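Trainee: Whenever a hint applies, use it, and build me the whole structure from the sequences.
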Amino acid sequence: MDSPWNELTLAFSRTSMFPFFDIAHYLVSVMALKRQPGAAAMAWKNPLSSWFTAMLHCFGGGILSCILLAEPPLRFLANNTNILLASSIWYITFFCPCDLVSQGYSFLPVQLLAAGMKEVTRTWKIVGGVTHANSYYKNGWIVMIAIGWARGAGGSIITNFEQLVKGGWKPEADEWLKMSYPAKVTLLGSVIFTFQQTKHLAISRHNLMFLYTMFLVATKITMMITETAIMPFAPFEDTLSRMLFGWQQQFSSCEKKTETKSSFNGTGSSTSKPIAVASDKVKKKHTKKTE
Amino acid sequence: MDSPWNELTLAFSRTSMFPFFDIAHYLVSVMALKRQPGAAAMAWKNPLSSWFTAMLHCFGGGILSCILLAEPPLRFLANNTNILLASSIWYITFFCPCDLVSQGYSFLPVQLLAAGMKEVTRTWKIVGGVTHANSYYKNGWIVMIAIGWARGAGGSIITNFEQLVKGGWKPEADEWLKMSYPAKVTLLGSVIFTFQQTKHLAISRHNLMFLYTMFLVATKITMMITETAIMPFAPFEDTLSRMLFGWQQQFSSCEKKTETKSSFNGTGSSTSKPIAVASDKVKKKHTKKTE
Amino acid sequence: MDSPWNELTLAFSRTSMFPFFDIAHYLVSVMALKRQPGAAAMAWKNPLSSWFTAMLHCFGGGILSCILLAEPPLRFLANNTNILLASSIWYITFFCPCDLVSQGYSFLPVQLLAAGMKEVTRTWKIVGGVTHANSYYKNGWIVMIAIGWARGAGGSIITNFEQLVKGGWKPEADEWLKMSYPAKVTLLGSVIFTFQQTKHLAISRHNLMFLYTMFLVATKITMMITETAIMPFAPFEDTLSRMLFGWQQQFSSCEKKTETKSSFNGTGSSTSKPIAVASDKVKKKHTKKTE
Numbered sequence: 001m002d003s004p005w006n007e008l009t010l011a012f013s014r015t016s017m018f019p020f021f022d023i024a025h026y027l028v029s030v031m032a033l034k035r036q037p038g039a040a041a042m043a044w045k046n047p048l049s050s051w052f053t054a055m056l057h058c059f060g061g062g063i064l065s066c067i068l069l070a071e072p073p074l075r076f077l078a079n080n081t082n083i084l085l086a087s088s089i090w091y092i093t094f095f096c097p098c099d100l101v102s103q104g105y106s107f108l109p110v111q112l113l114a115a116g117m118k119e120v121t122r123t124w125k126i127v128g129g130v131t132h133a134n135s136y137y138k139n140g141w142i143v144m145i146a147i148g149w150a151r152g153a154g155g156s157i158i159t160n161f162e163q164l165v166k167g168g169w170k171p172e173a174d175e176w177l178k179m180s181y182p183a184k185v186t187l188l189g190s191v192i193f194t195f196q197q198t199k200h201l202a203i204s205r206h207n208l209m210f211l212y213t214m215f216l217v218a219t220k221i222t223m224m225i226t227e228t229a230i231m232p233f234a235p236f237e238d239t240l241s242r243m244l245f246g247w248q249q250q251f252s253s254c255e256k257k258t259e260t261k262s263s264f265n266g267t268g269s270s271t272s273k274p275i276a277v278a279s280d281k282v283k284k285k286h287t288k289k290t291e
Numbered sequence: 292m293d294s295p296w297n298e299l300t301l302a303f304s305r306t307s308m309f310p311f312f313d314i315a316h317y318l319v320s321v322m323a324l325k326r327q328p329g330a331a332a333m334a335w336k337n338p339l340s341s342w343f344t345a346m347l348h349c350f351g352g353g354i355l356s357c358i359l360l361a362e363p364p365l366r367f368l369a370n371n372t373n374i375l376l377a378s379s380i381w382y383i384t385f386f387c388p389c390d391l392v393s394q395g396y397s398f399l400p401v402q403l404l405a406a407g408m409k410e411v412t413r414t415w416k417i418v419g420g421v422t423h424a425n426s427y428y429k430n431g432w433i434v435m436i437a438i439g440w441a442r443g444a445g446g447s448i449i450t451n452f453e454q455l456v457k458g459g460w461k462p463e464a465d466e467w468l469k470m471s472y473p474a475k476v477t478l479l480g481s482v483i484f485t486f487q488q489t490k491h492l493a494i495s496r497h498n499l500m501f502l503y504t505m506f507l508v509a510t511k512i513t514m515m516i517t518e519t520a521i522m523p524f525a526p527f528e529d530t531l532s533r534m535l536f537g538w539q540q541q542f543s544s545c546e547k548k549t550e551t552k553s554s555f556n557g558t559g560s561s562t563s564k565p566i567a568v569a570s571d572k573v574k575k576k577h578t579k580k581t582e
Numbered sequence: 583m584d585s586p587w588n589e590l591t592l593a594f595s596r597t598s599m600f601p602f603f604d605i606a607h608y609l610v611s612v613m614a615l616k617r618q619p620g621a622a623a624m625a626w627k628n629p630l631s632s633w634f635t636a637m638l639h640c641f642g643g644g645i646l647s648c649i650l651l652a653e654p655p656l657r658f659l660a661n662n663t664n665i666l667l668a669s670s671i672w673y674i675t676f677f678c679p680c681d682l683v684s685q686g687y688s689f690l691p692v693q694l695l696a697a698g699m700k701e702v703t704r705t706w707k708i709v710g711g712v713t714h715a716n717s718y719y720k721n722g723w724i725v726m727i728a729i730g731w732a733r734g735a736g737g738s739i740i741t742n743f744e745q746l747v748k749g750g751w752k753p754e755a756d757e758w759l760k761m762s763y764p765a766k767v768t769l770l771g772s773v774i775f776t777f778q779q780t781k782h783l784a785i786s787r788h789n790l791m792f793l794y795t796m797f798l799v800a801t802k803i804t805m806m807i808t809e810t811a812i813m814p815f816a817p818f819e820d821t822l823s824r825m826l827f828g829w830q831q832q833f834s835s836c837e838k839k840t841e842t843k844s845s846f847n848g849t850g851s852s853t854s855k856p857i858a859v860a861s862d863k864v865k866k867k868h869t870k871k872t873e
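Chains as they are written, first to last, in our numbering: chain V, 1 to 291; chain G, 292 to 582; chain B, 583 to 873.
FYI, nobody ran anything at the bench for these hints, they're computed from the structure. Nothing here was measured: the structure is a model prediction, and the numbers come from that model.
Straight-line alpha carbon distances no greater than 27 Å define the calculated DSSO-like cross-link-like pairs of lysine-lysine that follow:
{"#": "1", "chain 1": "G", "residue 1": "Lys-475", "chain 2": "G", "residue 2": "Lys-490"}
{"#": "2", "chain 1": "V", "residue 1": "Lys-184", "chain 2": "G", "residue 2": "Lys-336"}
{"#": "3", "chain 1": "V", "residue 1": "Lys-199", "chain 2": "V", "residue 2": "Lys-138"}
{"#": "4", "chain 1": "V", "residue 1": "Lys-184", "chain 2": "V", "residue 2": "Lys-220"}
{"#": "5", "chain 1": "B", "residue 1": "Lys-627", "chain 2": "G", "residue 2": "Lys-511"}
{"#": "6", "chain 1": "G", "residue 1": "Lys-336", "chain 2": "V", "residue 2": "Lys-220"}
{"#": "7", "chain 1": "B", "residue 1": "Lys-802", "chain 2": "B", "residue 2": "Lys-766"}
{"#": "8", "chain 1": "G", "residue 1": "Lys-475", "chain 2": "G", "residue 2": "Lys-511"}
{"#": "9", "chain 1": "G", "residue 1": "Lys-475", "chain 2": "G", "residue 2": "Lys-325"}
{"#": "10", "chain 1": "B", "residue 1": "Lys-627", "chain 2": "G", "residue 2": "Lys-475"}
{"#": "11", "chain 1": "G", "residue 1": "Lys-511", "chain 2": "G", "residue 2": "Lys-325"}
{"#": "12", "chain 1": "G", "residue 1": "Lys-325", "chain 2": "G", "residue 2": "Lys-336"}
{"#": "13", "chain 1": "B", "residue 1": "Lys-781", "chain 2": "B", "residue 2": "Lys-720"}
{"#": "14", "chain 1": "V", "residue 1": "Lys-45", "chain 2": "B", "residue 2": "Lys-802"}
{"#": "15", "chain 1": "B", "residue 1": "Lys-766", "chain 2": "V", "residue 2": "Lys-45"}
{"#": "16", "chain 1": "G", "residue 1": "Lys-325", "chain 2": "V", "residue 2": "Lys-184"}
Mentor: Written as structure tokens, this is what we have:
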């Protein structure tokens, strides 16, 4: 129990996010916002709206989990210190003369460091969400998974929704459907930490936090260096989906139509055309079945 | 008090919804989801999103009432048993090989049985919502009506909203405006049970539940067999709207101004076309009435 | 302390909003709703939806603040008296024969009186919101500002959102971004009353309420009479934005890069056109400044 490994992970799990890791998280979020086309011009035209959007990018996960648990979404505003910290980072990022921050951030090592530290905060958010949900619902393990997921990766949902309200984002079913890599890895972590919380995993939490964080940082940095969206889950997902939803043997006999249907739908995104196609397919299928 | 009728209704009002009626409700909801064009293909492409949509179809009313009362919308996830039940029904409905479930459901008697049992759950939801709202606001009878209505028929609103966020549904003012038959009958039931709750109706609750449920099931099955959207409320609505909003005599004389005014106003905006048409319709109706 | 001025403001600050000022607020809100193209025709086609929209117009600010503080958004429905008052005003406004109300309201003095009384209610709402938020978060002055702002000017946000759901309103980034004059003045008042609440302003609340209300009423009536959207904040905003976000000297020299960069980024996305225009405008402005 007193092995150096244990001490290391224990000390790691007690690291405080507050000053530095939060700064890295805010910096990455605000830079991602500034990368959006026109964000800089909007910041000059209407600083208040830009500040609000930046806050949504920084605190979106917490806001979403508050909404899901019927806690005040404004609670994040009550934490004056973090608000002022994020606001100052938003300020220097957007309004620093000759935007030195963007130029400094454009160096790869800085980006790697900031992204790595942001991934560390993701672990803390997931753990916080799972334990928080556990305090509400003792054995509601589905709720724990959902809240951990919302805290860790809910920011994108909130910002998408804000884009929708602003009208700057025309949603498409496919965009909404496909999960991004952070969403997937956060869901995995949320499931793992929920099982650990409900004593279904025989591993101490600080060890799990250390290992999961290392995995997060390693994959993130690898993806940033090799600039390729590597999907470590692809084979796992394939096997799982084949196990759960596949049954290729029996299924391939009478389900090929649906497969072709899906590929058809994939081509057209404007939802009106594929729907007609789909309904036609369905008709054909039934007629074939009746024949 | 011990009449067989009373015993029957009392026993009926004590029926537990849990295993069988809930199953029927989930089955009808999931089948309605699967009937949507492209839903099956989406389930193959992204099972998680399809599962989420199915849960919204199954628990939408409860979620809406939770939102309106500022209770955690995730509470429905804490009821693991119902979640697993609905999930398994969603699973066998979408991924059963050669989808046997759909074929079995395509037989009319099965549909009638499932639809009838679903209507029974509607009564239980309305009563639950009214009593739940009554525990919050003692004499807030408007809140009781709203919550009973939301629990009973709020699922469609939630799913419409989800469609809107997904972008699969382009809303139109008229769609949103016109109430469906279930919404109307649920509103009626919510009003009735609210009056019974506030002791304005001299009828015991179990009798009222029995009668209202019988009415629901009878109308629903009649509509399904005769495949015609019968509107038992149409004459009632006409008389009511004529009493409240009609005053045709004075109105037809000097309302044309406002009609023309409204169409004038309409010219400026993007929604001018449908409005003008609507006002024309209204005009025609009134001219016919005056003839 | 017993100066007549003090007594006047004290008595003013103790004025009850209930019967008359609330009526004026409901009247102005419902008339603004009726002015919308097609609202009258919709009221005839679907009175329930029109009533719901009218309630949103009348109680929108309170609903928004309830949502932000995770209080039941339906609470406003529990206040039966105000609901019935607003409903009756909605009723006589829309369904009065030969709509006498609209014709009576079309006289300028009536409009001025109603608008002035509505502005008085704005002050009461801001103060109520600030004190209410203060009871939640002792030193969360950002929350206090937000809640005061939401109560005072949140109705427009709620109604915009309702329009979005109905599909009657196609949002554009610019519409969402630019704040209306009431939003600005409400934000100013919310900040002022928050500072007074946190003892940073050495002025008694009733004096502040009197002065702020006088300012509101005066500006509103001036804007209505001279039919010009006067912006008393324009110079203040210019100086502030130049102080905070300006730094024109360094900025105009090296900001063109980011402008062009942003327009480059813009080319990919759907919102590239307006952004490019905006950045062009900004460029022109800066070039003019540099000349």
